Amino acid sequence: MGNLKNVYALLIGVGNDLPVTVKDATAIYNILADETIAGYLPENITLLTDNKATRKNILASFDNLIEKSDENASVLIYYSGHGGCYSDNTFLRKEDWKPEDQNKKYFHLCPFDYDPVNYEKTWVKAEEVKEKISKLKSRRLVFFLDCCHAAGITKDGPGILSKAAGHLSQQDGLAQTLDDGKGMSIISSCREDQLSYIMQGDSNSLYTKCMIEVLRGKGKTDFSDPFIRISEVVQYIFKKVPEANPKQNPYANLQIYDDFVLSYLPKDLRTNPESKIETKTSIQGKQATKEEQATVFRETENANSVILFVHSFMGNGATAFADIPKFLMEDKKMAGWDMFPFGYGENILPDLGKNVWASLTDINRNSTYLTASIKHKYSKYKRIAIIAHGLGGLAVQQTILDLSPEDREKISHLILFGTPSNGLAETTIKNLNQDNLKDLKETGNFITNLRERWTQLFSTSYPFYFRTVASTKDLFIPIQSSLQPFPEANRVIVEGDHFSMVKVEDKNNDSYCLIVNALTGNKFFNQCSSQEEINITLGDYDEVIKKQLPKLEILDNKGLEQLIYALEGADRAEEALSIVENHKLAKDNSNLMGVIGGRYKRKYLFSFCGSDAENAIKYYSQGLEIAQAKKDQKQIYYHAINLAFLYLFYKEDEAKMLDYANTALDATKKDPFNSLWKLATVAEANLYLGNLEESKSNYSQTAAMAGIREKMSIYSNAYNAYYCLMHSQNPEDPFIKFLKTIFLS
Numbered sequence: 001m002g003n004l005k006n007v008y009a010l011l012i013g014v015g016n017d018l019p020v021t022v023k024d025a026t027a028i029y030n031i032l033a034d035e036t037i038a039g040y041l042p043e044n045i046t047l048l049t050d051n052k053a054t055r056k057n058i059l060a061s062f063d064n065l066i067e068k069s070d071e072n073a074s075v076l077i078y079y080s081g082h083g084g085c086y087s088d089n090t091f092l093r094k095e096d097w098k099p100e101d102q103n104k105k106y107f108h109l110c111p112f113d114y115d116p117v118n119y120e121k122t123w124v125k126a127e128e129v130k131e132k133i134s135k136l137k138s139r140r141l142v143f144f145l146d147c148c149h150a151a152g153i154t155k156d157g158p159g160i161l162s163k164a165a166g167h168l169s170q171q172d173g174l175a176q177t178l179d180d181g182k183g184m185s186i187i188s189s190c191r192e193d194q195l196s197y198i199m200q201g202d203s204n205s206l207y208t209k210c211m212i213e214v215l216r217g218k219g220k221t222d223f224s225d226p227f228i229r230i231s232e233v234v235q236y237i238f239k240k241v242p243e244a245n246p247k248q249n250p251y252a253n254l255q256i257y258d259d260f261v262l263s264y265l266p267k268d269l270r271t272n273p274e275s276k277i278e279t280k281t282s283i284q285g286k287q288a289t290k291e292e293q294a295t296v297f298r299e300t301e302n303a304n305s306v307i308l309f310v311h312s313f314m315g316n317g318a319t320a321f322a323d324i325p326k327f328l329m330e331d332k333k334m335a336g337w338d339m340f341p342f343g344y345g346e347n348i349l350p351d352l353g354k355n356v357w358a359s360l361t362d363i364n365r366n367s368t369y370l371t372a373s374i375k376h377k378y379s380k381y382k383r384i385a386i387i388a389h390g391l392g393g394l395a396v397q398q399t400i401l402d403l404s405p406e407d408r409e410k411i412s413h414l415i416l417f418g419t420p421s422n423g424l425a426e427t428t429i430k431n432l433n434q435d436n437l438k439d440l441k442e443t444g445n446f447i448t449n450l451r452e453r454w455t456q457l458f459s460t461s462y463p464f465y466f467r468t469v470a471s472t473k474d475l476f477i478p479i480q481s482s483l484q485p486f487p488e489a490n491r492v493i494v495e496g497d498h499f500s501m502v503k504v505e506d507k508n509n510d511s512y513c514l515i516v517n518a519l520t521g522n523k524f525f526n527q528c529s530s531q532e533e534i535n536i537t538l539g540d541y542d543e544v545i546k547k548q549l550p551k552l553e554i555l556d557n558k559g560l561e562q563l564i565y566a567l568e569g570a571d572r573a574e575e576a577l578s579i580v581e582n583h584k585l586a587k588d589n590s591n592l593m594g595v596i597g598g599r600y601k602r603k604y605l606f607s608f609c610g611s612d613a614e615n616a617i618k619y620y621s622q623g624l625e626i627a628q629a630k631k632d633q634k635q636i637y638y639h640a641i642n643l644a645f646l647y648l649f650y651k652e653d654e655a656k657m658l659d660y661a662n663t664a665l666d667a668t669k670k671d672p673f674n675s676l677w678k679l680a681t682v683a684e685a686n687l688y689l690g691n692l693e694e695s696k697s698n699y700s701q702t703a704a705m706a707g708i709r710e711k712m713s714i715y716s717n718a719y720n721a722y723y724c725l726m727h728s729q730n731p732e733d734p735f736i737k738f739l740k741t742i743f744l745s
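For the sequence shown, full-length UniProt numbering assigns the number 1 to the initial residue and increments by one for each residue that follows.
Keep in mind the hints are simulated off the structure, nothing from the lab. Please read all numbers here as calculations on a predicted model, not as lab measurements. The beta carbon of each residue, even a glycine, is placed where N, CA and C say it ideally should be. Careful, some of the hints might be misleading.
Ranges of calculated distance between the beta carbons of each label pair, as one might list FRET restraints [stated by the list, open to error]:
1) N730 - N103: 48 to 58 Å
2) R451 - K669: 47 to 57 Å
3) N103 - K247: 52 to 62 Å
4) A335 - G201: 54 to 64 Å
5) Q484 - K558: 20 to 30 Å
DSSO-like mimics (lysine-lysine), calculated; alpha carbons at most 30 Å apart, straight line [said to hold, decoys possible]:
6) K130 - K68
7) K94 - K56
8) K104 - K125
9) K94 - K68
10) K711 - K441
11) K209 - K130
12) K630 - K618
13) K94 - K105
14) K23 - K333
15) K137 - K105
16) K438 - K218
17) K326 - K711
18) K630 - K656
19) K332 - K94
20) K267 - K247
21) K670 - K696
22) K410 - K473
23) K656 - K603
24) K125 - K56
25) K68 - K105
26) K125 - K547
27) K68 - K125
28) K23 - K130
29) K441 - K104
30) K52 - K94
31) K56 - K68
32) K125 - K380
33) K135 - K121
34) K220 - K240
35) K551 - K220
36) K333 - K267
37) K56 - K220
38) K380 - K220
39) K98 - K52
40) K711 - K558
Please take these sequences and the hints and turn them into a complete structure.
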């Protein structure tokens, strides 16, 4: 298999009063240069330690990297040593000091020959490093930093050594100054107020030890991929460092150009050694055609206000909020506001995939980066408005609690869309079959601690504009989790589902109106959402019934659907059924039966209440009868496949499941168009019939056509059905891995 020929490394261990930095850099070199482990060519690795780690040699080594590497190269930079910081006030008499908000800070590395007296000739400024990095042709770059500005090695509690801090608050600032915003990954050993530790009996720092472990293949789950990728390194370090020592939490930025190869997997672990180097987003040699990630919506020289759009763990920040940033930029009243997307770049794969849900590790990583960014990257702004969606809102709440009082005072607006602020019920977590979600349990440590800290800090009022927003048809986040933790005055309901509430493509939309009115000081009124829809969601069924029932004969399909659902919710099921059976629109409307059946099915999957499942079966069965009488094949397979699922998942009746699966499959053969839902039905029916290869083929075609919402719906059905059939939740099960790869990756 040979060596990796287009990967390069620059490893720096400064030494001096920190001899462990030399050991760490040397240990990384030994792993990378070993052909049976990481597989770097020795001539592509530069190791600078002790008296070789001078300013001149460091800058010359960067120049060598620039000359040798091309646009398809992967580049690893590792620095272990002191870092430093100075400010405008450093060189002024105390009586001439600038106010702190005007006192600009500058960061630098401290090479072996650094002289604090002759600093201008011996330091390596962060701006110099950033300029060198900008000249590299490749965007596949990772920078590992371990510089906690130590004064030496000190004993810190039983069994632990730490690099004692001189200026603890600077490491995040250094990392943010180095960040070019173009996809370079920067990973530092700890947060700005923490220390980098050496565990008792170890010769390397905990941070470096975890790097070595992941390069040796620890944490790898897919051994058919013979490479260690940057996402695997980041995830492993973020998980294992705090597990070994809760006092140390790594920091990283959230933008990665793509999930590039960092090294080989050790030879003895490779099961597919001939695999070619590819990324999930591009293949080597095709970088020029890769679509750029937007990291800025608007940035101006004089703006002192900024809006941060914090997305959830699906997609990327540039597209998560659709046209909202564009509409705001077109609004003259929004002049003076800069705007940035914030969150995982499209090429970072969270622990649970591109999913509505996320692990606590992902939430903490986002929160840590946001906290550091507000302190450093966005330090010039006097007002910071944050608009967050989904679990991104949990990261934001944690950030607000972790900010210094000075930085927290800059928060002017906070709007949370579809955020499970009160966590998830145990039954919901059980239904989703994702073990990592136990950290988000409503009674778990993370949620209870978050709510206690929030209530304590904001016990009387909020020092910023605050709204928490739920949608009428959110299939993922229970409305009570979004709204209940906060006062009624801060709650808002808009029409839509978990995604459409922020995927705004029309200015005449309540979510957009809420945002623009909040930022411009106007009072918000629900302008576009159906008040009936909102009242149904809130449980105010009586008001809907009083308004709609007298107009029963002139209602359109949507009005009829709202009325029937309100009657069901008000325990007037017999009356609702009577209307469904006798109304001129409902009598032959199989789609209406399916809509109502679908509502009960989703409700059942959240509540596991048997009456919800029975109602779902009842309405799907009526819809199927209507469709069969009309020979409406699309409606036949729509109702039949849902009944197959319910008879398997709820009734545990596999004979009935097979009957309905065959009915659905027969109907698809009479539909000449290979639509998304036809292919999804064929895939699911073949799953029930045990034809897994045929099922996989159709699921693959479905995934290629589906949007995010459709993927989540199809994945949920497929995963739950497979679990019921095979009684397996093993993440290494080939079919489960297949489903997660095509629908969640």
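When the structure is checked against the list of hints, which entries are broken? Sort them ascending.
3, 7, 9, 14, 19, 20, 22, 25, 26, 29, 30, 35, 36, 37, 38, 39
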